[in-house]
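Listed in order, the protein sequences are those of chains H and P. Numbering (the working numbering) for the first sequence: 1 to 229. Numbering (the working numbering) for the second sequence: 230 to 703.
Since the hints were made in silico from the structure, they are not lab data. A hint or two may mislead.
To be verified - With a Cα cut of at most 27 Å, we get these calculated DSS-like pairs of lysine-lysine: (1) P/Lys455 <-> P/Lys294; (2) P/Lys303 <-> P/Lys272; (3) P/Lys640 <-> P/Lys598; (4) P/Lys475 <-> P/Lys450; (5) H/Lys14 <-> H/Lys213; (6) P/Lys266 <-> P/Lys538; (7) P/Lys298 <-> P/Lys272; (8) P/Lys475 <-> P/Lys322; (9) P/Lys455 <-> H/Lys155; (10) H/Lys14 <-> P/Lys598; (11) P/Lys322 <-> P/Lys298; (12) P/Lys303 <-> H/Lys136; (13) H/Lys213 <-> H/Lys18; (14) H/Lys18 <-> P/Lys598; (15) H/Lys136 <-> P/Lys691.
As the list claims (entries may be wrong) - Computed spacing ranges between beta-carbons, pair by pair: (16) H/Asn117 <-> P/Leu502: 28 to 38 Å; (17) P/Thr566 <-> H/Gln72: 50 to 60 Å; (18) P/Ser536 <-> H/Glu123: 49 to 59 Å; (19) P/Thr566 <-> H/Phe57: 47 to 57 Å; (20) H/Glu120 <-> P/Val517: 37 to 47 Å; (21) H/Arg133 <-> P/Ile532: 45 to 55 Å; (22) P/Ala529 <-> H/Phe57: 12 to 22 Å; (23) H/Asp116 <-> P/Ala675: 55 to 65 Å; (24) H/Lys185 <-> P/Lys598: 46 to 56 Å; (25) H/Glu137 <-> P/Ser694: 38 to 48 Å; (26) H/Ser124 <-> P/Glu693: 37 to 47 Å.
Unchecked claim - Which residues of chain P face chain H? A partial, calculated answer using Cβ under 7 Å: (27) Gln310; (28) Glu599; (29) Gln605; (30) Leu606; (31) Leu607; (32) His617.
The C-beta atom is built at its ideal place from N, Cα and C for all residues, glycine as well.
What follows is the residue order along each chain.
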Amino acid sequence: MSINNTLCLVQNLKVIRKGRIILDSISLELTRGEPFAIVGESGSGKTTLLSAMAGLFSVDEGTVFYQGKEVQSLTFSERASFFGLVFQDYQLFPHLSVLENLLIAPRVRMLSITRDNALELLESLGILDLADRYPKEISGGQKQRVAIARSLILKPQILFLDEPSAALDEKTTKQLASLLLSLNKKIQIIAISHDLNFLRSCCSRGILLHEGKVKASGSLDSVLQDSFT
Amino acid sequence: MKKAFSVSSVGVFFLVLFLNSLNTYSNAASAPDNPLKIGLTGKYPPFNYFNKEGELTGFDVDIAKKLCKKIDRKCEFVTLQWDGILASLLAGKIDLIIGSMAITPDREKQALFSTPYYESGAQIFAKNAEQDIWVPGFQIGVTLGTTYEAAIREKLPNAEIRTYKGDTEILQDIQAERLDAIVTDRLVGGYMIRNFGVDLSPIGEPLFLEKIGIPARPNEKILIGKINTALTSLRTSPIYDELVEKYFGLKNQTASNTFKWSTAVILLMKGLLWTTIISACGLCLGVVFAIFLAVMMIAAPSIFRISAKFFTDFFRSTPFLIQLLGIYFGLPAVGITIQPFQAAVITMALHSAAYLGEVLVSGFHAIPKEQRLASQLLGLSHWQAIRHIIFPQMLPIVTAPSLNTVVAMIKDSAIVSVISVYELTMQAQQLISSTYRPFEFYLLTAILYAAITYPLILQGRKLESRIQNRGAQL
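Same shape as in the complex, but just chain H (with noise of 0.2 Å):
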C-alpha cells in the first residue's frame, strides 16, 4: 500500500502506567475507506490508543505517524489539519455560544473560515437553529453535532470519535450511525466503541483489543466474532 492512502501508521506502540502494560506492542495502519472502529471492552486500552494516536500524551515505546511525520513532532495547527477528535462528554466551550464554538479557532488562528462556512456546516449537520443558543441551553445529542462541527469545520483528514453512542438513546445513535456514514464520503471517521448496535449500523471494519493488544482486526464481522469467543 502506498504511503499517500495511509492517513495515519501507529508502529510497535507500547504504554506502561505505575508498572502496568496499558498497551502493548500495537502496530496499525489505518487507511482511506470504511468508516473504522476499534472495539473493545472497558479497560481494553480503547481510549488510550486514541489518545496516544491524537498526540495528547508521550508514549513509552513506538511512533505514531501522519504522512511521515511523528505526531509529537508536529504543532497543534499541523494536527488539527490531519486530525479532529470528538470527545466523549463533547467539551464544548460553555462560554461561547454554538456559532462561537466553531468559529472561535478559525479566527484566533486566522484562518479564512467565514461565518457563513459555519453556518452552512451547521445546516447539513441539521442544527442551523442552535447557532445562537449555549452549550448549556441544547441536549446531549445537539452538543455531540456541535463538537463534531466544531473538527469539521476545520476540513481534518480524520475524525476520531470517542465512544460516540454512550450517552445516546436509541433513536439518536441511528440518526447519528446514518450521519457518520455521509459524513465519511469526505473524511475517515474512527470511532471506538463497544456499543455493538451502534457498530454493526456505522462501521464495517476495524481491530479488537483486549489487555492492551490487537487480538484481531480486518472486516467488523470477523473482528466482532472474536470479541464473543
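Position chain P relative to chain H; hints supplied.
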C-alpha cells in the same frame, strides 16, 4: 521634661562642639542690633504650639516675648526638631532655647542655663481624688519610653503598670474604667484634663521635679545674666501668675477645646485619599505579582513551583502587621532605605499577591483539563488556549473571591498607621488625641471605610449569585 530625647542629642553635641572650636562665634548674640533667635519645636502644647489661626503661641512663647521686652531686644522664633535643637544652639543657628528644656547635668556641660522659668514633674492623676495608690493591683498607665515609667516603677512597686503609645490612649482607658490612673507631666496632665473634659485629680506629690531653664552658648554669660535679672523680676510680678492662669489655670476651661468640624472632615478626607492611594497601588502591584505567582505555580518547573508555593503559604500564614514591621525595619537593616509609604505599598502588594495568586490557581484548576485538550485539538497554542478558552471561563469564578481579598486588604490598610503613614486610621487617631472625641471620630472613620468597601461587597455578592445561577444551568 522631654528627657527621652536627650540621649540622641548628646551624641550630636560632641560633633557640634568640635565644629564650634573651628568657629569663632562670629554671629555672637551679644551684638545688640541683631534680633535674638529663639529656638523651640512648636509641637508641645500648651507650652509652644501653633493655634488654629496658625500662630505660634503657648506659655514658652509668652515668656519669651516678655523677656525680650524686659532686656530690650528684638526676638525671632525658629522652629526646629527637638533632637537637633541643642546642636543648632551650639552651632550658632539660634541664640536661646525657650522650649521647655529641663536643666540636667548632661546639658549643663554643653550649654549655659538661666535660672528656671518654671518647675514641673511627673504626677499621678486618678479619677477618684481619694484613690489609694498603694493597693496591690492598682492599674496605672504611662506613655512608653518616658522617664516617668522608671520613676513610677520605683515609687509604686505594687502597682500594675501598663504602657501606652500616648497620653490620649491612657485617658481613653481611664474614661472606659479599664485603668485607675495616669502618670504624666504635672502641667501637661492638667492641661489635657481641662481641655478634654476628663474628670481626674492629681494624687499626692509629684514623683520628681524638673527645673525648666533657658540655655545659651557657654560664652554668652552677659546675655544669661540679663535674662536672669529679667526672669527674677518676671517671676515675682503678677504677669507671671496671669500667664500660669492663662495656660494652666482652671478658669480657662474651653480655651482650645473648640474645634471645627470642617477642619476635621478635611483631615479625614486626606486620610481617606491616602488609604485609597495606598490600597490602589498595593493591589495593582499585587495583581501583577499574583499573576506571576500563579503562572509559576501552574506551569513552572518544580523548583519555581515550590518557591512560589512557599511564598504564598508564608504570606498567608503570618500576620499582616508582622510582615509590615518586618519590611519596614528589616529592609533598612540590609541597607535598603525605605519610606513608610513604600513599606506600606510593598507589604500590601506581597500580602494580596499571596491571596490573589491562590485564587487564580484554584480558578485555573476549576476549568476541566479537557477544555485545554479540546483547544489544542482545534490547533490553538497553549497561550491561545489560555487567552481565549480558559481565562474567559476563569474570570467569573475568580472575580468574587478576588473582590473579597481586595475588601480585606483595604480594611487591613488601617494597620499601616503603626508606621506613621497618614492614612485614614492615623488621621482619626490624631484627631482623637487633639479633640478627645473617640466615639464620633471612630464612627466617622468606620463609615468612610465602608464607603469604599461596601460597593465592592455588593458587587461581589451580585457576581456570586450570578455564578450560582450559572452553575445550576450547566
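For which of the previously enumerated hints does the structure constitute a violation, in increasing order of number?
Hint check: 3, 4, 6, 8, 9, 12, 16, 24, 25, 27 fail, others pass.
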